[in-house]
Structure formats: structure tokens, C-alpha cells
Amino acid sequence: MNVAPILPEIILGIGAIVLMLVAAFAGRRSGGFTSWAAVLLLIGATLALIGAPSEAGAVYGGLVTADFFGAFGKSLIFLASAVAIIAAHGWFERGTEHSPEYPVLILFSALGGAVMVSAISLVTLYIGLELLSLAGYVLASYRRNDDRSAEAGLKYFLLGALASGILLYGISLLYGFSGTMNFNGIAAAFERGGPPSLGLLFGVVFVLAGVAFKISAVPFHFWTPDVYEGAPTPVTAFFASAPKVAAVLLGVRLCIDALGPATDAWRQIVIFAALASIFLGAVAAYGQTNIKRLLAYSSINNVGFALVGLAAGTPVGASSVLFYMAVYVVMTLGAFLCVLWMRDKDGEAVEDIYALSGLSQTRPAFAVALAIFMFSLAGIPPLFGFWPKLLVFQAAVDAGLVALAVAAIVGTVVGAYYYLKIVKIVYFDEAAPAFARVRQPVQGALIFLAAVAVSPLGYLLIGPLQSLTDRAAGSIF
Amino acid sequence: MTDLPLLTILIALPLLAAFACLFVSAGAARWIALAATLANLAIGIILWIAYDPAGAQWQFVESLALRGGIAWVLGIDGIALVLILLSVFLMPICIGASWRAIDRRVPEYMAAFLLMESLMLGVFAAQDLFLFYVFFEGGLIPMYMIIGIWGGAERIKASYKFFLYTLLGSVLMLIAMIYMVSEAGTTSIPALMAHDFPMDAQKWLWLAFFASFAVKMPMWPVHTWLPDAHVQAPTAGSVILAGVLLKLGGYGFIRFSLPMFPEASAMYVPLVFVLSGIAIVYTSLVALVQRDMKKLIAYSSVAHMAFVTFGLFAFNRQGIEGAMIVMLSHGLVSGALFLVVGVIYDRLHTREIAAYGGLSNNMPGYALLFMLFSMAAVGLPGTSGFVGEFLALLGTYRVSSWAAIVATTGIILGAAYMLWLYWRICFGVARTPEAAVMRDLSSREWLLLAPIAAGVLWMGIYPESFLRPIRADVGRLLERVERAAPPGDAQLARGAARPAAGTHAPEAAH
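Going line by line, the protein sequences match chains A and B. One point on numbering: in the working numbering, the residue at position 264 of the first sequence is 274, and numbering is uninterrupted. One point on numbering: in the working numbering, the residue at position 173 of the second sequence is 310, and numbering is uninterrupted.
Source of the hints: derived by calculation from the structure; they are not laboratory data. All C-beta atoms in this analysis are idealised placements derived from N, C-alpha and C, irrespective of residue type, glycine included. Just so you know, not all the hints are guaranteed correct.
Covered by chain A, according to a simulated footprint, are these stretches of chain B (three or more residues, beta-carbon under 8 Å) [claimed, not checked]:
#1 259-272
#2 313-322
#3 560-568
#4 591-600
Derived SDA-like pairs (lysine to any residue); straight-line CA-CA distance at most 25 Å [stated by the list, open to error]:
#5 A:Lys431 / B:Leu305
#6 A:Lys355 / A:Gly100
#7 B:Lys432 / A:Asn300
#8 B:Lys340 / B:Asn453
#9 B:Lys294 / A:Asn300
#10 A:Lys431 / B:Ile293
#11 B:Lys298 / A:Tyr427
#12 B:Lys294 / A:Gly100
#13 B:Lys294 / A:Asp439
#14 B:Lys298 / A:Phe438
#15 A:Lys431 / B:Asn453
#16 B:Lys340 / B:Ala328
#17 B:Lys298 / A:Gly368
#18 B:Lys294 / A:Val420
#19 B:Lys298 / A:Gly100
#20 B:Lys298 / A:Val420
#21 B:Lys298 / A:Ile435
#22 B:Lys294 / A:Ala377
#23 B:Lys294 / A:Val378
#24 B:Lys432 / A:Phe438
#25 A:Lys355 / A:Glu440
#26 A:Lys431 / B:Arg242
#27 B:Lys298 / A:Glu440
#28 B:Lys294 / A:Phe289
#29 B:Lys298 / A:Ser109
#30 B:Lys340 / A:Val420
#31 B:Lys298 / A:Asp439
#32 B:Lys298 / A:Ser367
#33 B:Lys294 / A:Gln371
#34 A:Lys431 / B:Lys340
#35 B:Lys298 / A:Ala377
#36 B:Lys432 / A:Ala377
#37 B:Lys294 / A:Ile435
#38 B:Lys294 / A:Gly297
#39 B:Lys294 / A:Gly42
Starting from the given sequences, assemble the full structure and let the hints guide the process.
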């Protein structure tokens with residue numbers, strides 16, 4: 011059997027098992043080693059994407075495909091996972107929970123994400139999603155002595171199990187009424203003349219509901235703020251990036267590949283989810299004073315914009331979603347790395363946004379980075395966060411969805427308020443006690459790189475990134 | 138010399154200086170900012186000299202294609218040139234005005250100002266639609282910072298209001314831009330200026346652009362962010378707000394609304410005229426009852442900007458050229474008035490009109506310059522205000538006598554509030570002992586105000602220097618819009634000549 015098309019997954023799978031054994035035998039002392047080894051594995055898996063894993067096409071009897079779309083998604087997932095591992099440095103060491111399992115769990119989760127974005131069968135889709143989620147449930151409750159963390163894990167698990175149930179039910183309906191698990195086969199069932207059967211439509215609704223839970227789109231977002239707040243911050247950074255990319259890309263592939271002929275059936279669902287996420291994400295964030303909850307609503311809001319591009323249902327739209335997710339991952343990881351650096355003078359983490367008061371006077375460089383991420387998340391030019399928003403609106407207008415674009419863009423103004431509030435606290439308010447300095451040069455370098463990437467210098471990346479996303483989107487049409 | 142990418146240098150220089158400011162001490166930041174803005178002034182003057190009024194429409198064109206939807210394309214016509222000149226002229230004055238008034242977080246302040254200059258110059262020079270938008274919106278960030286950090290007591294509310302108000306206006310324009318690009322297949326502004334959109338689309342596109350420019354302008358009833366922003370901003374912030382930011386609205390109408398949607402512009406003339414008419418009368422009356430000097434000048438700005446919209450939508454040469462001169466003149470005059478207010482605010486730290494009085498006794502030099510700028514705001518012949526308002530009214534009169542009549546009351550009301558303000562501050566006796574002992578202008582203040590005074594007189598006595606570069610471009614704009622120009626209500630026509638002899642016929646009987 012030729013393993014070349016799934017080489018990255020093989021590397022991650024075997025690597026994760028070996029590291030787990032190392033952790034089991036070497037115990038707590040191996041934390042540093044497993045962590046850096048996991049980062050190297052992820053980088054290695056990203057490099058392994060070059061070649062067959064990005065162009066072999068459907069393999070293993072149509073269970074997975076190795077195309078450029080998947081490769082693009084995987085590289086984002088792997089890099090975000092690597093950052094999430096690095097983000098944990100200096101975090102768990104403080105508590106007693108420090109253990110080498112963290113990077114291993116991240117690796118399994120990343121593996122699940124990789125399977126999700128290359129699945130072209132409902133079975134592999136479900137397996138990938140569950141692998142990602144199960145590792146995620148454990149990660150959310152990683153600080154098991156902390157009430158909030160335990161609560162987050164339990165909540166995530168219960169609601170996640172419910173969503174998986176809904177998804178499975180949808181899958182069974184799709185299978186029952188189309189007779190196949192394969193995306194192409196399902197598409198053929200929809201194309202088979204006449205209006206699609208009620209069973210198929212119900213299947214579509216349930217499957218999309220399951221996916222909406224994973225990407226935390228309204229109305230399946232309820233778990234997000236609680237889980238984001240309760241989970242340890244590096245885990246939250248991970249949740250906001252890699253699984254989200256995996257689920258959004260899975261949604262894109264599912265909608266275009268399997269449900270392409272039924273675009274009219276899912277478009278209204280996606281439009282509703284997009285607008286509801288944008289507005290609820292914007293409005294609900296108003297009263298939040300916990301920065302992690304605030305960023306949770308921000309991620310709901312941002313997913314809404316990505317869905318605007320999906321609603322277009324065109325290659326341009328799919329490309330804009332990919333572009334959006336790429337920039338979003340950089341912005342959100344940068345913002346969470348900044349949150350990780352919010353420590354009071356004893357080194358304890360603080361999450362209250364008013365602790366940031368007057369940060370510009372105590373830590374000017376930190377303040378500039380945070381302001382760049384906030385303006386960029388808000389989509390204000392000349393920051394680079396503006397450009398992906400422009401692309402999704404452009405895709406929507408090109409597809410004739412002008413009203414959707416208008417409503418969504420009004421949502422950006424509503425959402426701008428709370429990003430502005432952070433900037434106001436950082437720049438306009440009187441200085442609060444200064445944060446303790448965090449001695450993590452690698453994290454500092456990552457914050458710097460992320461800030462430069464979403465600064466106006468990011469516009470230089472438009473050309474190369476656009477050609478990648480166009481190529482990736484082209485491979486699923 | 139023209140081989141140099143002058144416009145890119147013009148935009149990049151303040152940006153680099155802003156960056157440098159962040160890493161140096163307060164004193165050094167002041168000098169860096171001053172040097173950078175003066176260098177930009179020099180470049181602006183070079184552009185003015187090198188610009189050929191009889192040459193191509195777009196000059197100093199630079200183009201650097203970036204793949205994927207946005208291009209670094211710059212170029213200016215006469216209209217952009219004079220607005221760039223206004224910006225680079227006001228900038229060193231703003232830095233000078235902040236020299237002592239700003240003593241907190243000086244490096245960041247100078248960086249914010251330089252960033253602002255860079256973005257504003259980019260707006261006037263951009264020839265790519267999305268590049269324009271990036272510059273246009275980007276200006277919000279430094280202004281938000283300037284108001285929020287260095288503003289007065291109510292600065293937080295004012296900064297939010299400024300940001301969200303103008304953002305809401307602009308995002309609708311963005312959707313219109315996306316639609317235009319998808320319809321016309323190009324992001325080049327010159328190409329879009331020649332593109333004919335179908336009437337159905339024009340109606341909506343015009344409204345979307347109007348939403349943005351009306352807020353920036355600002356027009357009644359979406360002007361309410363302006364008094365707050367002006368009052369709370371530091372002096373130099375107000376100067377740049379009045380001098381440059383408010384010009385973006387007028388520039389937008391000339392660059393986008395009129396040439397790209399001529400038919401829709403003609404259709405919406407009544408809307409624009411009604412809003413402008415209300416603005417002139419209403420805001421002038423509001424200005425009359427203000428007790429805060431800065432607020433009074435802010436409301437007078439709204440009234441003056443209404444002359445601009447009247448002139449622009451008159452669809453004739455006098456109107457458009459007048460509107461341009463009003464914009465330039467207002468940039469100088471209201472900027473100067475904010476500086477004048479800043480001078481006494483720095484001494485007494487209150488903007489209440491009632492706290493002053495009799496300043497002509499102890500501050501004669503100050504009273505002289507204040508008089509000149511007040512007269513220019515009123516539109517006294519010989520000052521820049523007269524030329525612009527006269528032309529704009531003339532143009533308006535050719536389209537609608539009623540509009541011209543309403544607009545003219547603005548001049549009378551303007552005289553009322555400006556002269557009354559001047560009287561209360563400079564004449565009579567000092568109402569507080571502190572006001573009576575204030576010292577006259579320092580040499581730094583003279584240095585700031587004298588160039589503006591010279592500019593005001595130059596524009597008033599010899600406006601040709603400023604009309605020459607824009608004449609050809611106004612002509613091109615008129616060629617573009619004249620097919621849609623609304624008919625005037627005067628309809629002057631030569632009557633049939635009656636024979637003169639008939640009245641003399643009885644004479645013959647003698």
C-alpha cells in the first residue's frame with residue numbers, strides 16, 4: 011500500500027504514540043523534550059505536505075483525498091498547533107499540573123483535524139472529528155484541580171457529544187437516502203433530477219448543525235464563551251485556531267463537494283448562521299470584562315464573516331474563506347499570546363480587561379502589538395485584517411448576495427466597538443500596576459511575527475497567499 | 138527631478154519619521170516631526186511648481202502592480218494637488234502648535250500626527266479604488282488616538298463617536314466599491330471615472346458614497362460627531378480635523394460621486410440642496426448661541442461646508458471652482474481660528490467665551506490676526522473667504538434662486554456670530570482679572586499664524602494661483618457631467634425685440 015499521500019498523518023500518528031510512551035516511562039521530567047519534539051513533528055508534517063499529499067487525489071477507495079485544499083488546511087492546522095504548544099511554555103510549569111501529555115494531546119487533535127480536512131467520505135469525516143474532539147475535551151479540563159477548567163471540560167464534552175449525535179443522525183439520513191457515504195455519491199444523489207427528497211434535506215440540516223457546533227456558529231455557539239474562559243489559556247488559543255480551521259474547511263468541502271448541487275438548500279442556512287454569528291458575536295461581547303470570553307465572542311463573530319464567503323458557493327468564495335481563515339489564525343493566535351503575557355507581579359495570570367489599563371505607558375511594545383491585533387480583528391484598514399473581510403464581501407457581491415454583504419458589513423461597525431474598547435483601555439486609561447515580565451523569547455518572537463504579518467506590511471503577502479488559496483479552492487470544484 | 142517617485146516619497150517620509158519618533162526622547166521627536174513635515178512642505182512646493190496645468194490630466198503617475206486585487210498606483214490632478222498643498226502647509230503649523238501644549242507622551246503624539254499626514258496624502262494621491270479606501274479609513278486610527286489620549290475631559294465619548302460614526306458611513310461605501318469593481322472589472326479610479334454605470338445601479342451607489350462623504354463633510358443631520366470631536370481634540374488635532382479631514386468629503390464628491398454617477402448626482406440635487414440649506418441656517422443659528430469658542434467654530438465649519446456642497450452640485454464652473462476655493466479657504470481660516478482659540482486656551486485653560494474680553498488692550502497683535510481671520514470667515518472681499526463663497530453662490534444662483542437666497546442668509550448669520558464672538562473676546566473690558574494680564578503673541582505663535590494670514594490674503598487677492606491648476610480638471614469634470622446637468626430655474630431667454638419705432642409713432646402726428 012502506498013502511504014505517500016498520507017505521509018503527514020503517518021508522521022503525526024506514529025510520533026504522537028512514541029511521545030506518549032516516552033511520557034509514560036520518563037514521567038514529568040520529559041515535559042520539555044516532548045514539547046519541542048512535538049513542535050518538530052508538526053513542522054516535519056508540514057514539510058511532508060509537499061508532493062504527493064497535496065496532489066495524489068482520492069485514495070484508499072475514496073475515503074480520503076490528498077489535494078491542495080487539504081494541504082492548505084493542514085499546514086494551517088499544524089502551524090497553529092505548534093504555536094499552541096509553544097504557548098504553553100512557562101504556563102504549566104507554574105502549577106503542579108505540568109506534564110508531558112499536553113503536546114501529545116495537541117498532536118492527536120491536529121491529526122484529527124488533518125483527517126477532517128481531507129475526508130471525502132462521511133465515515134472518515136466523523137472519525138477525524140471525534141479524534142479532534144476527544145483530545146479537545148481532555149485538553150479543556152487539563153487543569154483538573156481548577157474548578158473552571160473541570161467545568162469547561164465537562165460542558166464541552168456534554169455539548170460536544172450532543173452535537174456528535176446530531177451529526178451522526180444527519181450522516182445516517184444522508185446515507186439512508188443516497189445509499190453512499192462518499193461525497194461524490196451524495197452529490198450524484200442530489201443531482202438525480204427533481205427536488206431532493208425530504209430525507210436528504212433533513213440529513214443536510216443535521217449535518218450542518220453538527221458542523222456549526224464545531225465552528226461555534228450561532229445558534230450552536232453556547233459552549234464557546236464558557237469553554238474558552240475555563241480552559242487553560244494555551245488550550246483556548248488552540249481551540250480558537252486549529253480546530254476552527256479544520257471545521258470551517260470541512261464545512262466548505264462538505265458544502266461544495268457533497269452538497270454542491272443542493273446549494274439552494276444550504277445557502278439559506280449558511281446565510282442565517284453567518285449573520286446571526288456576526289451580530290450576536292458583536293453584541294454579546296459588549297458587557298464582557300474577561301478577555302478570554304471577549305475573544306470567544308470575537309471568534310464567533312469572525313466565523314460569521316468566513317461563512318459569508320461560503321454562502322457565495324463559488325470558487326472565489328471558497329478561496330476567500332481560506333484567505334480569511336489564514337489571516338484569522340494569525341490574528342487570533344497573536345491576541346491569545348498577548349493574553350498569556352498578562353501576569354500580575356506574582357506571575358499569576360489575569361484575565362480582567364481592566365488590568366490592561368494604561369498598558370501603553372508601562373509596556374509600550376506590548377500595547378502596540380495588542381492594538382494591532384484588535385484593529386486587525388475589527389477589520390479596520392490599513393491593518394491586514396481588513397483584506398480578508400474585503401475578499402469575503404467581494405465574493406458575496408459577485409454571487410449576487412449584495413444584501414448579505416451590506417448586513418455583514420454593518421455588523422463590522424457594531425463589532426468595532428468592543429475592539430475599540432480594548433484599545434481605549436490600553437491607550438486612554440490611567441496606568442494600572444504593570445504586568446510582570448514574561449521571559450519567553452520564542453513567544454515574544456511569535457507575537458512580533460504575527461503583529462508584522464497583520465500590520466500594513468501584510469499587504470505584500472496578498473499576491474502569494476491569494477495564489478495559494480485560489481489553487482486550493484480550485485482543487486475542490 | 139520628475140523621475141523621482143515624488144508621491145511615494147511624500148507618503149513614505151512621514152511614515153518613516155513616525156516610526157523613528159517612537160524610539161527617541163520627547164525633544165528629539167518634536168524636531169524629527171518638524172523636519173519631516175517641513176521636508177514634505179518642500180516636496181509639495183516642488184510638485185506645485187512642476188505641475189503642468191496644461192498637461193495631462195494625471196501627472197506624477199507611479200504604478201506598481203501587486204498581484205491580487207490591490208495596486209500601488211498614485212497620481213494627482215490639479216484638484217488633488219491643491220488639497221495636498223493645503224495638507225502639507227498645515228502640518229508643520231500643527232507640529233508647531235503642539236510644541237509646548239503637548240507635554241505628555243510626546244513621541245507617540247508626533248508619531249500619530251505623522252501617520253495621519255501620511256494617510257491623508259495617500260487619500261489624495263491614490264488612483265486605485267481599494268488603495269484609496271485603505272488610506273481613507275486608516276486615517277480614523279491616528280485621529281482616534283489623538284482625540285482619545287490628548288483630548289479634553291469628554292475625550293472618550295468624543296473619540297468613540299468620531300470613530301463609529303465615520304466607520305458606519307464608510308463601510309457602505311466599501312460595498313458600493315466592491316459592486317463597482319465587480320461591474321466595471323477594474324479598480325483604477327481614472328477608468329471608473331469614465332465608466333457609465335446603469336441608472337438603476339447609480340442610484341444606490343450614489344447613496345452609499347453619499348453616506349460616507351456626508352458624514353466626513355459633515356452635512357446636516359450627520360454632523361453631530363464634529364462638535365464633540367473638535368471640542369475635545371487638542372488644538373492641533375482640531376486644526377487638522379478642520380483643515381484636512383473635512384476636505385475628504387468634498388474631495389470624494391468631486392472624485393467619485395459627480396464623475397462616476399452623473400445622472401444620479403443630478404437626480405439627488407434637491408436632496409443635497411435641502412440638506413445644505415438646513416445646514417447653513419440651522420448650524421449658523423446654533424453657532425450663535427454657543428458659549429464655548431471651539432464649539433462655535435465647529436458649527437461654523439458645518440455651515441461653511443454647506444457652501445461646498447451647494448457649489449459642487451450646481452453642475453457649473455463657478456460652483457465647482459467656488460467649492461474648491463471654499464474648501465481651501467476654510468482649511469486655512471478655520472485652522473487659523475482653532476489656533477487663535479488655542480493661543481488663549483494655553484494661557485487661561487478655558488474655552489468659555491465669558492471668561493475673556495478686552496483682549497485688544499493687552500494683546501494687540503493677537504487682536505489684529507484674530508480680526509483678519511474673523512473677516513475671512515465672514516467672507517470680506519480681499520480675503521479668501523469672499524472669493525470662494527461668491528463663486529459658489531454665483532454657481533448656485535444659476536441653478537436655483539431659492540437655494541442661493543437661503544445660502545446667502547448664511548453669510549449674514551455668519552457675520553453675526555463671528556463679529557459677536559470677536560466683540561465679546563477682543564473688545565470691551567476684561568471680564569476676569571486673569572484675562573486682563575495675558576501676554577501678547579510669542580514669536581512662536583507669530584510664526585504659526587503669520588503664514589496662514591499670508592495665505593488667506595494671497596488667496597483673496599490673487600486666487601488665480603490656486604484656480605490655475607484646477608481649471609482644466611474642472612473643465613473635464615464638467616464635460617463629464619454636463620449631459621446630466623439639471624436645468625436652472627431662471628430660464629433666461631432673449632425675448633422678441635419689440636419695434637422701438639411704435640412708441641414714437643404718435644410723435645409723428647405733430
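Hint check results:
1. 259-272: That given contact holds, which follows from 4 residues of the stretch 259-272 of chain B lying within Cβ reach (below 8 Å) of chain A.
2. 313-322: holds (count 4)
3. 560-568: It is violated, with 0 qualifying residues against the three required.
4. 591-600: With 0 residues in contact (Cβ-Cβ under 8 Å with chain A), the coverage given for the stretch 591-600 of chain B is violated.
5. A:Lys431 / B:Leu305: holds, 17 Å
6. A:Lys355 / A:Gly100: holds, 15 Å
7. B:Lys432 / A:Asn300: violated, 38 Å
8. B:Lys340 / B:Asn453: Between B:Lys340 and B:Asn453 the Cα gap is close to 21 Å, so the pair holds against 25 Å.
9. B:Lys294 / A:Asn300: holds, 22 Å
10. A:Lys431 / B:Ile293: With Cα atoms ~10 Å apart, A:Lys431 and B:Ile293 stay inside 25 Å; holds.
11. B:Lys298 / A:Tyr427: holds, 10 Å
12. B:Lys294 / A:Gly100: Not satisfied, since the Cα-Cα distance of roughly 39 Å exceeds 25 Å.
13. B:Lys294 / A:Asp439: Roughly 13 Å between the alpha carbons, so the hint for B:Lys294 and A:Asp439 holds.
14. B:Lys298 / A:Phe438: Roughly 15 Å between the alpha carbons, so the hint for B:Lys298 and A:Phe438 holds.
15. A:Lys431 / B:Asn453: Violated: A:Lys431 and B:Asn453 sit about 46 Å apart, past 25 Å.
16. B:Lys340 / B:Ala328: Holds, at roughly 20 Å.
17. B:Lys298 / A:Gly368: The hint holds at about 21 Å.
18. B:Lys294 / A:Val420: holds, 21 Å
19. B:Lys298 / A:Gly100: violated, 41 Å
20. B:Lys298 / A:Val420: With a Cα-Cα distance of about 16 Å, the restraint between B:Lys298 and A:Val420 holds, given a limit of 25 Å.
21. B:Lys298 / A:Ile435: At roughly 16 Å apart (the allowed maximum being 25 Å), A:Ile435 and B:Lys298 satisfy the hint.
22. B:Lys294 / A:Ala377: Status holds; Cα separation ~21 Å.
23. B:Lys294 / A:Val378: holds, 22 Å
24. B:Lys432 / A:Phe438: Holds: B:Lys432 and A:Phe438 sit about 23 Å apart, inside 25 Å.
25. A:Lys355 / A:Glu440: holds, 18 Å
26. A:Lys431 / B:Arg242: With Cα atoms ~20 Å apart, A:Lys431 and B:Arg242 stay inside 25 Å; holds.
27. B:Lys298 / A:Glu440: holds, 21 Å
28. B:Lys294 / A:Phe289: The hint holds at about 23 Å.
29. B:Lys298 / A:Ser109: The hint is violated at about 49 Å.
30. B:Lys340 / A:Val420: Distance of about 20 Å is within 25 Å: holds.
31. B:Lys298 / A:Asp439: At roughly 17 Å apart (the allowed maximum being 25 Å), A:Asp439 and B:Lys298 satisfy the hint.
32. B:Lys298 / A:Ser367: It holds: about 21 Å lies between the C-alpha atoms, which stays within 25 Å.
33. B:Lys294 / A:Gln371: It holds: about 21 Å lies between the C-alpha atoms, which stays within 25 Å.
34. A:Lys431 / B:Lys340: Violated: A:Lys431 and B:Lys340 sit about 36 Å apart, past 25 Å.
35. B:Lys298 / A:Ala377: holds, 23 Å
36. B:Lys432 / A:Ala377: At roughly 33 Å apart (the allowed maximum being 25 Å), A:Ala377 and B:Lys432 break the hint.
37. B:Lys294 / A:Ile435: Within the cut-off at roughly 13 Å; holds.
38. B:Lys294 / A:Gly297: holds, 17 Å
39. B:Lys294 / A:Gly42: violated, 48 Å
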